[in-house]
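Asks: If you want the building blocks of each chain, they are given just below.
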Amino acid sequence: MDPTTVLALICSGLVFAGWLVLPHAPTTVKPAVVVSEERQPVSVSA
Amino acid sequence: MKIDAGDTAWVLACAALVMLMTPALGFFYGGLVRRKNVLSTIMHSFFILCLISVQWVLWGYSLAFGPDKFHLIGGLEWVGLNNVGFTPNAGYAPTIPHQAFMLFQMMFAVITPALISGAFAERQRFKAFVLFSLLWATFVYDPIAHWVWGAGGWLHNLGALDFAGGTVVHISSGVSALVAALVLGRRLGFGKQSFAPHDSTMTVLGAALLWFGWFGFNAGSALSAGALATNAFVVTNTAAAMAALTWMTVSWWHKRQPSVLGAAAGAVAGLVAITPASGFVNVMGAIVIGFGAGVVCYLAIQLRERIRVDDALDVWAVHGIGGTWGALATGLFATVAINSGAANGLFYGNPKQALIQLVAVGASWGWSIIGTFVILKVVNLIVPLRVGEEEEVLGLDLSQHGEPAYAGIHPN
Chain A
1 MDPTTVLALI
11 CSGLVFAGWL
21 VLPHAPTTVK
31 PAVVVSEERQ
41 PVSVSA
Chain B
47 MKIDAGDTAW
57 VLACAALVML
67 MTPALGFFYG
77 GLVRRKNVLS
87 TIMHSFFILC
97 LISVQWVLWG
107 YSLAFGPDKF
117 HLIGGLEWVG
127 LNNVGFTPNA
137 GYAPTIPHQA
147 FMLFQMMFAV
157 ITPALISGAF
167 AERQRFKAFV
177 LFSLLWATFV
187 YDPIAHWVWG
197 AGGWLHNLGA
207 LDFAGGTVVH
217 ISSGVSALVA
227 ALVLGRRLGF
237 GKQSFAPHDS
247 TMTVLGAALL
257 WFGWFGFNAG
267 SALSAGALAT
277 NAFVVTNTAA
287 AMAALTWMTV
297 SWWHKRQPSV
307 LGAAAGAVAG
317 LVAITPASGF
327 VNVMGAIVIG
337 FGAGVVCYLA
347 IQLRERIRVD
357 DALDVWAVHG
367 IGGTWGALAT
377 GLFATVAINS
387 GAANGLFYGN
397 PKQALIQLVA
407 VGASWGWSII
417 GTFVILKVVN
427 LIVPLRVGEE
437 EEVLGLDLSQ
447 HGEPAYAGIH
457 PN
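For the record, the sequence lines run as chains A and B. Using our numbering, the first residue of the first sequence is number 1, and each one after it goes up by one. Using our numbering, the first residue of the second sequence is number 47, and each one after it goes up by one.
Take the hints with a grain of salt, since some may be wrong.
Unchecked claim - Between beta-carbon pairs, the in silico distance windows are:
{"id": "1", "chain 1": "B", "residue 1": "G231", "chain 2": "A", "residue 2": "D2", "range": "43 to 53 Å"}
{"id": "2", "chain 1": "B", "residue 1": "E437", "chain 2": "A", "residue 2": "L9", "range": "51 to 61 Å"}
{"id": "3", "chain 1": "B", "residue 1": "V100", "chain 2": "A", "residue 2": "P23", "range": "45 to 55 Å"}
{"id": "4", "chain 1": "A", "residue 1": "G13", "chain 2": "B", "residue 2": "A383", "range": "49 to 59 Å"}
{"id": "5", "chain 1": "A", "residue 1": "T5", "chain 2": "B", "residue 2": "A197", "range": "31 to 41 Å"}
{"id": "6", "chain 1": "A", "residue 1": "V6", "chain 2": "B", "residue 2": "P304", "range": "42 to 52 Å"}
{"id": "7", "chain 1": "B", "residue 1": "E437", "chain 2": "A", "residue 2": "D2", "range": "34 to 44 Å"}
{"id": "8", "chain 1": "B", "residue 1": "R232", "chain 2": "A", "residue 2": "H24", "range": "45 to 55 Å"}
{"id": "9", "chain 1": "A", "residue 1": "V6", "chain 2": "B", "residue 2": "A197", "range": "53 to 63 Å"}
{"id": "10", "chain 1": "B", "residue 1": "P304", "chain 2": "A", "residue 2": "L9", "range": "19 to 29 Å"}
{"id": "11", "chain 1": "B", "residue 1": "S240", "chain 2": "A", "residue 2": "V21", "range": "44 to 54 Å"}
{"id": "12", "chain 1": "A", "residue 1": "V6", "chain 2": "B", "residue 2": "V405", "range": "39 to 49 Å"}
{"id": "13", "chain 1": "A", "residue 1": "V6", "chain 2": "B", "residue 2": "E436", "range": "18 to 28 Å"}
{"id": "14", "chain 1": "A", "residue 1": "D2", "chain 2": "B", "residue 2": "V100", "range": "41 to 51 Å"}
Hints in this document: simulated from the structure, not taken from any laboratory. Even glycine gets a Cβ: it sits at the ideal position worked out from N, Cα and C.
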């Protein structure tokens, strides 16, 4: 195996193995802000 | 010399692929700027496509590829495409019409100054941009193209390897971008307000189109439809993918989340880095080059942020540093098993090639820095480089072009 192939395998191994230790989810989850555009009924007095 | 129909068809199709890269770059950059500047950012790329298309046939091609003068520049014998006909030029591409070669090279000349526009996005006066682009193409791009690719150019004679433009396209544009960012100064509100991309989907689409066009950029540089083009195609795709994976992984580790824009930027960094090497390295070399691009370009952005240089769209980090890494890596991983007409690199027993690549990188950096600085100062004497504060706050779409990008939506 030539040196370039060895280097390529090391690089690929670093990236693929890195995924095993990376966080599964964001460390902080911000609550979603829901914006309602529905109009509220307005009472109209006669 | 006999014209080969297959080679000619391939090179013409690749010229069209490379042409697409410039508007694709406009969309890549356009998504990254604020809503009030998207149209002006896209216009930079679109306008340069038009400007350099004309400059190239008038005098650009002659300066870059015309008969050599002092190993530094092409002569004026080919101005207006005089003597550039349909008979193949044996020195450049012996199986296709000379004009097909000229056209293919035109698209490289087009995209290079367009790359720089990312550095001064959101603040450069359009008139200054027009003057700068014309002068830069003539006095920076054309000479470097002649040094590296022109028959008789001094880096060409030295044996520098640059298959598709690591030095000519990416180092020249990336380093010039850094100079432009320093000369123009930071955008109003830099470091105080958010410059978040206004449309990341546009950027990812632009990156995908760039990737597509890059097959023409690199595989077309074989100038024939055969094994060398196939190798360039394979290593281009591999390096782009590896760099995207690497960048995403590094940013995931650093910022705790896998960035979508990071994956797109990583792919572009990989494409940049494999560009000079694509006709000289094998697919294992491409994996190493892609990995290196993902790491060094990401680190370059961290450095750029730390020293507070407002290279708005990170042209220096991706193209300048990515191109430098690719040019140097060509001196490490090149092998005559891929291209018998070239040379081995350090890993294949030829350390001298690594030194030659270093000289080519240094010369490209040096000329780009000097040339760009002088041109910017000259242009500034004629027309101010930056827009006024009010124009910058209003946005360049309205202040420079009088058109909003999205009708009915406030540009801010």
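Asks: Against each hint, give a clear statement of whether it holds in the structure.
Replies: Each hint tested on the structure:
In this structure, B:G231 and A:D2 meet the distance hint of 43 to 53 Å, their C-beta atoms being roughly 49 Å apart. Between B:E437 and A:L9 the CB atoms are about 54 Å apart, so this pair conforms to the stated range of 51 to 61 Å. At roughly 52 Å, the beta-carbon separation of B:V100 and A:P23 lies within the given 45 to 55 Å, and the hint holds. Between A:G13 and B:A383 the CB atoms are about 24 Å apart, so this pair departs from the stated range of 49 to 59 Å.
Look at A:T5 against B:A197: about 36 Å separates their beta carbons, and that is inside 31 to 41 Å. For A:V6 and B:P304, the Cβ-Cβ distance of about 28 Å falls outside the hinted range of 42 to 52 Å, so the restraint is violated. About 57 Å separates the C-beta atoms of B:E437 and A:D2, a value inconsistent with the hinted range of 34 to 44 Å. Range check, B:R232 to A:H24: about 38 Å between beta-carbon atoms, so the 45 to 55 Å window is missed.
Range check, A:V6 to B:A197: about 39 Å between beta-carbon atoms, so the 53 to 63 Å window is missed. The supplied range of 19 to 29 Å is met by B:P304 and A:L9, whose beta-carbon atoms lie about 23 Å from each other. Checked against the hint of 44 to 54 Å, the C-beta distance between B:S240 and A:V21 comes to roughly 31 Å, which is inconsistent with it. In this structure, A:V6 and B:V405 break the distance hint of 39 to 49 Å, their C-beta atoms being roughly 28 Å apart.
With their beta carbons about 59 Å apart, A:V6 and B:E436 fall outside the hinted range of 18 to 28 Å. Between A:D2 and B:V100 the beta carbons are some 48 Å apart, a value that agrees with the proposed interval 41 to 51 Å.
Hints 4, 6, 7, 8, 9, 11, 12 and 13, counting from the list given before, are not met by this structure.
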